[in-house]
Each structure stands twice: as C-alpha cells, then as structure tokens.
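Q: Taking the hints into account, I'd like the entire structure generated from these sequences.
Protein chains in written order, with the working numbering: chain A, 101 to 286; chain B, 3 to 215; chain C, 198 to 498; chain D, 8 to 1058.
Think of the hints as simulated: they come from the structure by calculation, not from any bench.
Errors might be hidden in some of the hints.
Said to hold, decoys possible - BS3-like cross-link-like pairs, simulated, lysine-lysine; straight-line CA separation at most 27 Å:
{"hint": "1", "chain 1": "B", "residue 1": "176", "chain 2": "B", "residue 2": "9"}
{"hint": "2", "chain 1": "A", "residue 1": "252", "chain 2": "B", "residue 2": "107"}
{"hint": "3", "chain 1": "B", "residue 1": "9", "chain 2": "D", "residue 2": "970"}
{"hint": "4", "chain 1": "A", "residue 1": "150", "chain 2": "A", "residue 2": "111"}
{"hint": "5", "chain 1": "B", "residue 1": "198", "chain 2": "D", "residue 2": "970"}
{"hint": "6", "chain 1": "A", "residue 1": "257", "chain 2": "B", "residue 2": "107"}
{"hint": "7", "chain 1": "B", "residue 1": "4", "chain 2": "D", "residue 2": "972"}
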Amino acid sequence: MTMRELYDRTKALFPLGELIEQRSGGNNDLVFVTVPAAHLRATILHLRDKEGFSHLVLLTAVDWLEEGQFQLTYLLNNRQQAYDLGLRVMISRDSATMESIHDVWPTAATYQRELREMFGIDFPGSPRIEEEFILEGWNDIPPYRRDFDTLKYAQEKFSERPGRKTHDPETHMRQQLYPDMSPTGK
Amino acid sequence: MKPELMKRMVKGPDGVEFEVEPLRDYFCEVPPTVMPAAYIKIVEDLFNWARAESIWILGFGTGCGAIEMRPLMTPRFDAYRYGVQWRPTPRQANLFIISGYLSTKTLKRAIRAYEQMQNPKYVIGLGSCTINGGMYWDSYNTIKRLDDYLPVDLYIAGCMPRPEALLAGFMDLKKIIRAGKGEGANQYAENFAWYKENQKRVIHDWDMPDYNW
Amino acid sequence: MDFDWMKIPYAFLTVFIVVNYGFLMTALIQKIGARVGRRYGIPIWQNYLDMIKNYGLRSSITHGAMFYLGPVFRLSGGVGLLLFVPSIYGSYMFSNLSFAGDLILALYFVFFGTLGMALGAAESGHPHAAIGITRGLSQVSMAELPFGLAVFSVALQYQTLSVTDIVAAQQGGMLTWTLFTNPLAVSAAMLSFLGSMMRPPFDVVIAPQEIPIGPPTEYHSSYLALMQTNRVIFPVAKIVIYMNLFFGGATSWPEFFLKVFLIYMWSAFVGVVFPRFRVEQSIRWFLVWAVPLGVLSIMVV
Amino acid sequence: MNALTIFAIGLGTAFLLGLLGERQKSLGYMLTLAALTFMSAVSASWLVVFAATGADSFDIFTAGTAPPFAINLRMGLIEAALTLLINLTGLFAAMHMGDALLRLGQRAMAVLIIAIMALCGIVLTRDIFNLFVFFELIVIATAGLVLLSDDDSALAAGFKYLIVSQFISALLLVGIIFAYHATGTLNIDGMAEAAAAIDPSVSGAFAIAFFLMFIAVVAELKPFPANGWALDMYEAAHPGFSAVFSAASGTAALYAVDKLLQIGGTDWLPVATGIGIVTFVGANLLALPQTNDRRLLGYSSIAQTGLILTVLGQQDIFGDDYFFIAGGLLFAHALAKAGLYWLSALVAGRTLPDWAALQSRPLLVFAFISCVAMLSGLPPFPSFYAKWELAHLLVAEGRSGLLALILFGALVEAGYLFRWFGYLIKRATPAESIACPAHQLLPIAAAVLGGWALGFVWGELSSSYFGRTNLLLTLPLFFALTFLLLDWLPAWVKNTLAIGGMVAFFSLTYAEYDPLRLIFAVIFLIGGAVTLLASYHAHGRRIGFYPAAMLMYAGMIMLIRASDSFGFFAAWELLTVGSYFLILRGKHSEPHALSYIVFSLGGAFLILAGFALAASAVPPAPTFEIAQLADLVQPVAPWVFLLLALGFMTKTAAIGVHIWLPGAHAEAETDVSPMVSGILLKAGLYGLFVLLMNMGKQSLYGVELTYVMLWIGAITALLGNLMAIFQEDAKRLLAYSSIGQMGYALFGLALMNHLGWLMALMFVINHYIYKSMLFLSVGGVAKRTGTREMFKMGGLITLMPLSFIATLIGIIAVSGVPPLSGFGGRWIFYNAILTADARLPMVLIFLSGPIAFLYLFRLIHTIFLGQLKDEHRRLKEAPFWIILPQMIYVALLMVVAVVPGMVLRHVDAYISQFFPDGALNWEGSTITSQFGYWNPVAIMIIVGVIFMLLFGWLLFVNRRAQKVKQFNFVFSAERPFRPETTHFAWNFFAPYRKAMGFLVQPFVTRFWAAVTDLLHTAADITRRLYNGNGQTYAFHFLLFVVAVFTFRMGM
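A: Here is the structure:
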C-alpha cells in the first residue's frame, strides 16, 4: 500500500484537498493533506480505526496572519506501516475555535491546552482547557500569534541593563579571533 | 489568585462553620529582618572564614547553565576540595547559582527557594542571560536583569561560562565573603519593598506570601 | 547513692575525644571515597568548617516544639549511646557511665535518637521527611534483626549481657575474638551493620535527588550543626558496640581509633562499590542473606 | 387442696363458658383468668407444701382403688413445680392474648383452659392410657386454638399439625394396646415393674410396643428433623399461644417422656439421648439462617427440648442431680421462650432487625437480654448451674463426646441469639414507637422476674447441695446488678458510685491477695476506677453502660477471688458478658461484638470442658479447688491444660482466635476501649498465670505444650505487630498492637522460667498503663475530629498538646526505648530468653520488636504531626475528663519507669516459689540478673541531664528562631497545594507492604469466614427438607420413626 492508494481510498469518502508528498523519492512516508474542519473528526476516526493510524504524533498550529487563518496540523502515525500523515485544517483567525479530539486521543488535550494558551485557539470541551499551561498569569494577547510584538513587550516589561550591544556573530567572531583578516574573510 | 489560596468556609467536626484564609493561616506573614553580624568581630571573622570555606550550593538549575555545574563534581574539576558542596534543600544551602536564563515562571520558584535559604546567603548569576538577557533579550518571558529581583553577589559572564570560570567565580566569592561583604540577605531585607515591587511587576499571578519563610 | 563525681569530667573527655576523632575520621573516609572516584576530596578539616558555618548562620526557623527538640533527641541519643558503653577496656577513666545498664540498654537506646529525630522531622509537615522516615523504619526493622540475633548469640556464648564481661572474655589474643570464636554471628552482625550506616546500598532513606535528603530536609543552622555532631558521634558509638562484642574491644585509644576506623571502612568499602537498593529490595536482601546467618548462629552457639 | 381441683376447675370453667351467652365475652374472660389463677394457686400451694416440708410425693387414686384398677395421679415436688409452670404460662398467656380471646369468644377460652388442664394432666397422671387421652385433648385443643384464628397461614399450620398428630396418636394407641397386652396394666409404675420382670420370650414384642409409645411421645417434642409440621405452628399461631405451645406443651411432653423412660428402663436412654442431641444440634443449625423471629424461636424451642431430652437420656448418670439439671434447663427454657414469644407480640415486623423497635424501651431490652442469657446458660440463671453440673457429670462418666456436641450446639445457639440481640441494639429504630399495653407487659415481666427468681433458687440449691456459691449473693455481682435499679440516675452519680464501690471493695480486701493477685486486683479495681474517670465526660444517663461495666469489673474481681473452679468459671462468664455489652455500645460494633461473644463463649466452653475434665480426675468432692489442678497427672493433665489454655488464649487473642479483637476494641466507645484493652485482656493472662502456676509444663503425644504456646506467643507478637502497621484506623492499630503485646506476654509466660514470668507481669502492668493511655488519647482525638482514620487527621500537636504528650510518652514506653518503663520489660525479656531452651521462636520476637516502631511512629505522626487539616483548625483539646486519666497514667508510667522495683520485687519474690532460679537482685536502685544489670534511676538522670544540656545549648545558639506556619517548608521551590495532599499518611508503609505484605494475608479471617459459611450452607441445605407441605412432613415423621427403630434395634 502506498500513501497514494490510501489517499485515493480516503478521498472517495471525505472531501480531502490535494496530496502533498513531503519526502518525494525514497519511501515517500510523510504526506500532508488538507481537510475541511467539519470533516476532520470523521476523517481521523476513519484513519485511526480503518487505516491503522493509531498514534497522534503532534498537533500544532501555524498563524497565517495575512490570510486571516490558522492552520492546524494533526500529524498521525501508522506504526505498522511506518507512515506519517499530516492533516491540515484551516480555520478562521477571527473566531479561532476547533472541535476537540481529546476523546479520540487523550494526548490531544495537552496539545489543545498549549494551542489555546499560545495561539488563542479554543477547543470547547477539552479537559482543563481553561487552565494555565506554561505561562503563568499571562495578560496579553497569546504570544505565538504573529501580531504579538515580543520585542516591544519585552522592552516594556523587563527592565534592561544599559550598554548592551549587538554584533553580527560572524563578523564579530572573526574580528575577535582573526583581527588581521579583511572583513570579507579573503 | 489560585482557588486553593482563596478564602473558604469550612465546617468543623462539631458542625460550626468558620473561615480559612490560606495565605494567613498556612503561611507565616512576618517580613524578613536585617540580621546583625556577631557582636564580637573576631567571632564574625571566624564565621566568615567558615562560611567562605564551606559553600553549600542549592541544587537548582534554572537554565541551560545547570549543565555546566555538573562537571564540577567530577574528578576533572572537583569543587569539593574547595569546600564546595551541593545540597538538595535550600534550608541547608548558602549559595544560589542562577544558572542561565530565568523565565518569569522560574523566577517565582527562584524567589521562593532564595527566601527559604538562611541568612547569610549568596547569589551568583551565571551567564549573560542573567546579566542583560543575553540571547533572550527580546523574549516575552525571560527576565533580563537578575539583580532587579534578587541581590546578586557575583556575575560570571559568558554564554555559557565554562566550569573553570565557575571555579574562578567561587574563589572570588570566597574573597567577598571573607571580607564580610556577602550581605545579600540583609540587603534584600533592607530593600524588601523595592525587590517585591520589581518581582511583582513581572510575576502577574503572585500566589504566595510576600516572604517565603 | 555513692556516685563518683569524677565520672562526669571523664565522660566529657570521652565525648570530646570521640567528637574530634569522628570529625576527622568521617572526613578521611569521605576522602577515601573521593579517591576511589579519582577526586581529590574534601579537606580533612572540612567537617569543622561546616559545623562552624552552620552555627554561624544568622537566621533559623522552627516548625514547633518537636521540631526544635528533634536534634536534641538525636544528639542525646548519640552521646548517651556512647556513654552507656565503656570505650576503653580496663580503663576506669573511659568506662564512661556504663554502670547504668548493660548491652540491652545500649541496644535499645539506639532508638532514642532515631525516634526523637523522626518526630521532629515529622513536625515540619514535609512529606519527604515522612517518606524518608517510613523508608528508614522499614529498612531498620529488618536490618536490625540479624544484629539482634548476633547479640543474642554472643550473649549466649559468653553467658552475660555485660559489655565489659564480653570484652574481658576476648582478651587472649586475636583468636579469642568473637570474630573467630563465633564467625556466624559476626558475619550476620556485619551485614546488619551495613544497613544501619546510611551508606549505599542502603541509603535510600536520605536519597538526595528523590526526597531531598529525607528526614532532615527542613533542618538547618544550629539544628543541623547538632545533627552533624551526632552524625560523627553516633556511628562511632555504634561501632564501639560492634568492636566490643566482636572484635575484642580496645584497651587503648590508638587501638580504639584503628578498630573503629577499620570497621567503619567496611561500610565505606561496600558503599563505594554498590549502587542503591530500594526499601523492599534491602528488606529482602537482609531476609535472605543476613537473617539465616543470624538464625544459624543462635542455633549452633 | 386436692390436686384434682385443677381438673375440676378446668373442666368446670370450660363448661360454664359454654353456657354463657355470646355477649358475655368479658365475663367469660374474667372466668378464664380466675380459673387459671385458681389452678395456678393450687399448684403453688402444693409447691409450697413440698418445698417447705420436704414431704414425699403421694398418689391420688381417682376411683378410690389402687392401680391397675383405676387411674391414679401423682402429686409431688416435681409435679407441683411443673403444673405451676404450665398453669402460670396459661394464665399469663390468657392475659397476654386477652384481645384475641375476647374477639374469638368463649370457645377459644374454653379450649385454652382445656389445653392447660390437659397439660397438667399429662404431668400428673400415672396412667398410660390417661396420658394418651390428655395428649389427644391437647392436640384437639391446640389445633382448635390455631384454627380458631382467622389467619390463613395459621389454618394451614393447624391442618398440618393435625395430620401428623393423628399419626402420632395412632402410634401411641397401638403401642399402648400392645404394651397392655404384654404387661397387663396401664399404670405406668406397674408397667415399669412388669417390664422389668417380663419374660424374655415376649420381650421383643414388648420392645416394639414400647417403641411405638415412646416414639409417639418423643414425636410430641418435635424432634429434628421430623418437625416441619410443628414449626409452622410456632410461626403462625398467636404469640401468646406459641408461648404455651413452646413452654407448657414442651414441659409436659418432656415429663411424659420421662415417665415412659421409667417403663423402658435404661435400654432406651441412649435412644433418647441420640434423638435429643441430634435435635439440639440440628435445630440450632437450622435456626442459624432464620429471618423470621417466631420461626427462629420455634427452632430454638425444639433445640432446647432436644437438649433436655438429651439430659433425660442421660439420667442414669445424674443420680440425684437429675432434676436439678433437667429442671434448670427446662425452667430457663420455658420462661425465656414464653418471655420472648410475648415480647414478639410487641414488635410489629417479623424479621429479626425489626426488633430494633425495642431500643427505646430499656426495660424491654433488659427483658430480652435476660431471656437470651437464660437460653444461653449464662450466670446467674438456672441453666448456668445446670450446664455446669451437666458438663461435669458427663465428663465424669467419660461421655465427653456428647458434651462436645452439646457445647457446639450451645455455641451455635448463642451465636444466633446474640446476633439477634445485636440487631436489636444496633439497627435503625422504626419511626413509630411500640405500643405496650399493660396486660402484655405483665406476662413478660412475670417471665423475666421468674427467671431471675429461679436463678436465685438454683443458686441456693447449688450452694446447699454442692457447696458452690450462689452468684446472686456475691457482693461484686450484687453491686453490679444494683446499677440496673439505679439506671435512672444521671451518669455522673452512677460513675461516682461505681468508682467509690470499686475503690472501697479494693480497700476492704487488698490484704487478702498474694502479690500476683494483688497486681491484678490493682489493675482491675484501681485501674478500672482510674479509667472510669474518663466516663465523667459523658452526659445524660447513659442507660445500660454502668450495669454492663460493673458486671465486667465484678466478673474480673470475682475471677481473682475465686478459689474453686465453679467460681472461676462463673466469674469468667460474667466478665465476658459484661464486656460484650460494653463493646456492643460502640457505634458500628454490631458484627464485632458478635464475633467477640461467640469466640469468648467458645473459649468459655473450652474452659468448662477443661474444668469438668479436671474434676473428673480427682477424688469426688463438692468443689474442685483451682489449686487441685496441680494434682492432676497423665493422661488427663495435658488435656485439661490444653482446654484451659485454649480458652484463656481466646481471651488474650492469640493468633488464630484473634480476629474478634480489632473490631471489638476499635469500635468500642472512647472510655470502653481502654477498659476492654487495658484491663479486660489481663483476665486472660491471669487465667494463664493460674494455669501455669498450678500445672507447669505438660506434654501431649511428646509435644511440650508450653513450647507450642511459646510459638503461638511469638507468632502472635509478630503478626499482631505486622498487622498493626497496615491499619488506617487509629484504634484498630492500637487493637492489633494489643494482640502483639499479648503475644509478648504469652511468650514470656510460656518461657516457663523466673524472668519470663516477671516479664509477662511487667507487660501486664505496662500494657495496662500505656494502652489505656493511648486508647484514651486516640479516643479523645477521634471524639474531637469525628473520625478514626488517621490520614484524615494530622498536625494536631498544637491544638491538643496534652493528648500529644500522652501519646508520645505512650509510644516511647510501648517501643521499649529507655528511659521509660517499656525498657524494663525488654531488659527482663533478654535476660529471660538467655536461660530458655527454645531459641527459634525468639527470632520472631526479635523481628517484631523493631516493627513496633513502625506503627507507633505512624500513630503519632499521622495524628499529631504533619499537616493540620482545614476543618480541624478550630479543634479544642480533648475533654478534661478524658485528659485527666491520661495524665494520671503519664505520672504512673514515670513512677514505674524510675522505680519498677516498687511493684516488681514483691512479685519477683513471689515467683521464686515456683522458679527459685533466676531471681533478680534488687540492690539500691540497680537491678541485677545473673547476666546483666540495669539502673533505671541512673538512666533517667543521665538521659535527662544530657538532654537538658543539649537543649540549653540549642536554645542559646538558636534563640532567634522564627516560628513559621505549616506550609512554610521547602517544597521543591513550589508551595503545597492543600493540607490533604501534603500530609503523607495513607498507606504509610507501602514499601514495607511490598516486602512483607505476604505475611499479613487474612488467612485466619478467611478460615473463620469459611467455617461460618459452612454452617450456614449446611443449614440451608437441610432447610430444603422443609417445603411447607403437610404430606411431606408426615412422610418425614414416618422416616424418622423408621430410622429410630432401625437404630434402636441395631443397638
């Protein structure tokens, strides 16, 4: 069975987007495919129960600020076949809410807590979703959102010691170690 | 405020209800005081000498610098021969090495651990991150100046400093202590309000008493 | 009661000698351990420095009356144990306060300090203290058994419970030592000795990384200084009992120093070689290896 | 007055009742009562005559001629007593079921009178055919009474009864005809004479004839298992009448059997015995699973009848004591059963737990327990005296097997009766209160008072004929029973009286005791008084507490004072019962109290058997002095030793029979736990002391029994301590610790040397002090916190400092750490084992020593140290009256620790008379043994000085210590969440469980559970025979007849 066959079979059942083969050539064991948010649950249940994707490797998010979307990536793994399949779900940035899958894989609850804290994506019904995860007493917009200005935040919040300089590591080290050489290294 | 710290009504076995206020009932509220040195100078000198030669480090690695402390116990560096030991509990430790970057979350723990150490106690800031933030200068959750929050006796610069640098730092610290200048604890008690203000500015969910005895 | 008041300064003298010897010896043993690990090790006077430092700490806290009394119990236990057993055989000066009781008194007084300390540590409210104590008590309950059997065997052998008499019976050259006349009892007791010294492989009680040093986790400053003092007196006092029962006692201080050192080295030697047992493992170990030896020794004596 | 008046009145009234109109029911009822009263008066007058003058019985010749030409009746002491019993039962039954009789009309009244009259007839008549007639009358009257009620089930029951009764009548009649044919007379005495002289050629025929008569009369006793037809009667009939059916009919039928046995001669006695014992054991077993109260009483009636039948069957060996034994059992049974049936009318529900309705009426509870005690043969009731003689005579004749069966049956019976009592006391009371009309209470009162009165009578008989004590006249018991009358007083008044009484009794008698007994007397009386101080904390009247407690103390002091086996055993039973009531008072103690009483009675029966066996081996004498135990020789001596030792070890909760203790001690009330643990357990030790002092070493089949005891002691010490480790319940922990401590004491005793005994005594003293103290302290804490689970407590040291100090001192003492008194025990122990021969058991004792530290530390840590819980923040110190005795104990402990010689040197000297070797040398404050020495004063001073020096030094260097609160500790740079999650307490010794847990699997508990299950299963299987079908029951009866016949003929 190849990923292509799997894709074809699954596509017959669910409205999947096109297949992106991440590791073309070789054994081609990592592919990504886009799924509409509404079909995600059915798809992963199908993949888990019928296709042997027994393991949720990770659940993460990408902030597509310009498109106004979050991309959620559910990376599933089939241990028997050693295949990884990434399901991408695009959700709106404005109402960042996604269905929880903690009942499919309990580990998902932890990822979902993290996403909720770092991206502000809500997963209603996920266990302890309201609780703080890593940050304690955070009172700004979620820090992993790209519209969060971390430099500005750090400057406002943490007092600085004056006299800090920034060097380009390459030129600085070269000057330190080989002061005789020309700046270009020739 | 965490729920477990909120005031709560409790019913005793005799059926009488009363209020429990955890922060008041479970924690000592007394602020720290400045502890004077021994009245007789020669005794204090003796103590300072002993303090310098018996440095017990709190085994608490706050950042990546923690990995630099391990080699000190090995045959290659063997810090024990300088009277340096590691203690697993702050009650028995005298020296707190902030080993690298300190996130606000860890800062809270560091404050707690520091306050639970006994006077006199010393703090070493290890690595650039404790001095000015180092490579985490723009991070949303890492403090940039350790001495705003805890009285630092000594900084060891570098990213990361090698164990030899740490050993050199210990030697310098010994000199400071021998000279009777290792009074960080008293400095902390004197400027308690200032330290607390700084600490509370970065720690938003302050869920402990002001001073952790 | 006709009490010889000179016994009091003599007792102080014994304590003084043993404390100093203990400080130096434990440092030396630690140094030997370090050398096994190819380290240089601590300075030989490090224990003094640590103790002065601890007395020199300016602040301290207390969790309550029992917490306060814990180290007092502990050190009283150590000093008492030392004084209830004659240190030097044949010396009136260093027969200490052994008129108060015999071997049984010493054996049971061992627990005085342990119990008091456990109570003090427990009052701190720290769960790790309690966990450490449960481990210690569990382990001791089995580790003490072979020793108890060995003592019984020795008492049967010499038909007395008086330490002085037992030592006296061994005063005929090395071959009259219990070590050679009753090797089973001695082996049982020496295995039990390992368990009571808080050294690897039987030091899960104070496992530093897991339950930060167990019972004394809350102790500091002068409390800790008292406990440090006990930590050098107590093993020596305990070894004195072993020495008197099994190794012919000591007739002079140099002999005392040497024998105590060698017996102590036995546990240090095992300690640097073996890793740590869990509690149930050590209980089973004593049950399987040491107890049968003890049983055998009381059956054949 | 002529005895025939009974019949005249009976018949006359019955006729008169028939003449009365339908409307004159009240008048008829009055007449009925009057008639029965008069009949009773006749019997009573005769009883007075016979009892006062000691006159012989005389015959009444009805037709003016002597038998065999006319029917004759006989009136004597026995007949007078039995007819009085029957008539009074009838009278009170009539009174009790007045409502029913008035409803049913004169016919029912007439039938009742006829039934009573006929029952009297059975007792009085000496003519066999007349006997038959009376039986027929009874059958008709009984069936009539039952059928007259409107109840459907009663109809069915009556019908079944009739079916089988006709069988019986037929058999009886046929038997009489043949017997008459063989002997030519119908007179019983004549027939007996003729039977004795009968021609051997026709003896077979006569035997069959007699068999038929005999089996018919026996069948009237409803023997097991041919009794299904009668049980429905017990269940369905009006309880007022069931009482007659059980008490009066049974009595009459038994007397009829007795008469018949005179004809049959000794050949037939084994048959009676066989039927009797099978019935006793079988019916008791079957009663075990019953849930219906009246049916249970029915089974119990049958069982008791069976027991008396057994006694009848053994009359050949009883001689003059026959009527004393049979009468004691019979009267106790009749009064108790009548009382219980009448009580059952007051209870609305028909299941056993419904009897909880009686809770609100202490007097009814008293009535109930009096009846239960009568049935179980507890002192001071007649059945107790009878049981004692019965056991002795049986053993004396070598019929120990029979005694074993009887005791087994009695134990089963006590089991279900006390289980019932447990329900009554502990189950939830129904909402509606019970109605107690006076006419129903009066009969009950009569039965109960009658029982007590007969207890006195039997006590007097026993004391005048056998030279035993009349228990009701002994001062301690009398004092205890006085509290029954004083129970309306407030608790503090009674408490003061109790303490005063105990102290006064001690001060009056202390000079009489030898040093050993003195120690026990001090612990029992003075110790008991100190413990009773704690009872001042109770408010209100505390109904039932003082009679029970005083009964226990009375038993204990009587135990010490007893010089003969009877007094000893009676005291043993009294203290058992008293402590049972005390234990039952605990909140959840129902199952535990039951297992306590069952094990204790089992142990007591062993003691009874042991004493009986002992008495059989010495020259016959009125009393068996305890000291005579020393005279016993092989082969009896080891068996006596075994039985007595087992009995006493049940009380000290040696391993195997220990399972009653933890629950019983833990569930008891705060001030009861120290009594039953600190004081009561010593009774068992006292017994062992007495046993060993008199009997010394015994060996059975080459096994030395003291050596076995040594092992049992060692195993008990080890397992008791091990189990204590794993308890979450503080009082259970202490209870298991008591098991371990008793193991030590047992071990010391079994060492059989001077120091071993001294050690056991040291444990007696120490265990009393520190266990009482610990139980009080923990009890006080449990009272304040409302829980006994240790992990729910914690950090109470600052709130309850005095309790903490008591516990601290207590655990140091228990663990044997110098300088407190426990060390003395350990020191003596080591010296003792050095001279002992057996070495292997010591290994276990050595192991159990350090284990004690584990549970003791757990006790003090989880309660007083660690984390204080939210809800306990406002707790107050335990009540003053609970603290006061603890502080007294602390002081006592210190005294015993510093000057143990004060007590022990006297005992030491006393023990020297048994073991001259190995006495200690008490020189100044130093105590020296042959091996070592010990100076408690010096130890105390040295430890004190070192401690104070170091404490002073620490205070000096650490004077500025900041007092912090409970969460101010290092928590890996975190802070504790809640006290509950921070207090390390639950499953405290998890690693130890991993390593040693295999030793504390509940094997013993499972064993006893299997035994009870087995009994219940056996009963359940047998129960299937009883399918409720009259024909089946008739078939059973036939089978029974055939079986007995085969058995008899095969003999």
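Q: Among all the numbered hints in the text so far, which are the ones the structure does not match?
A: 1
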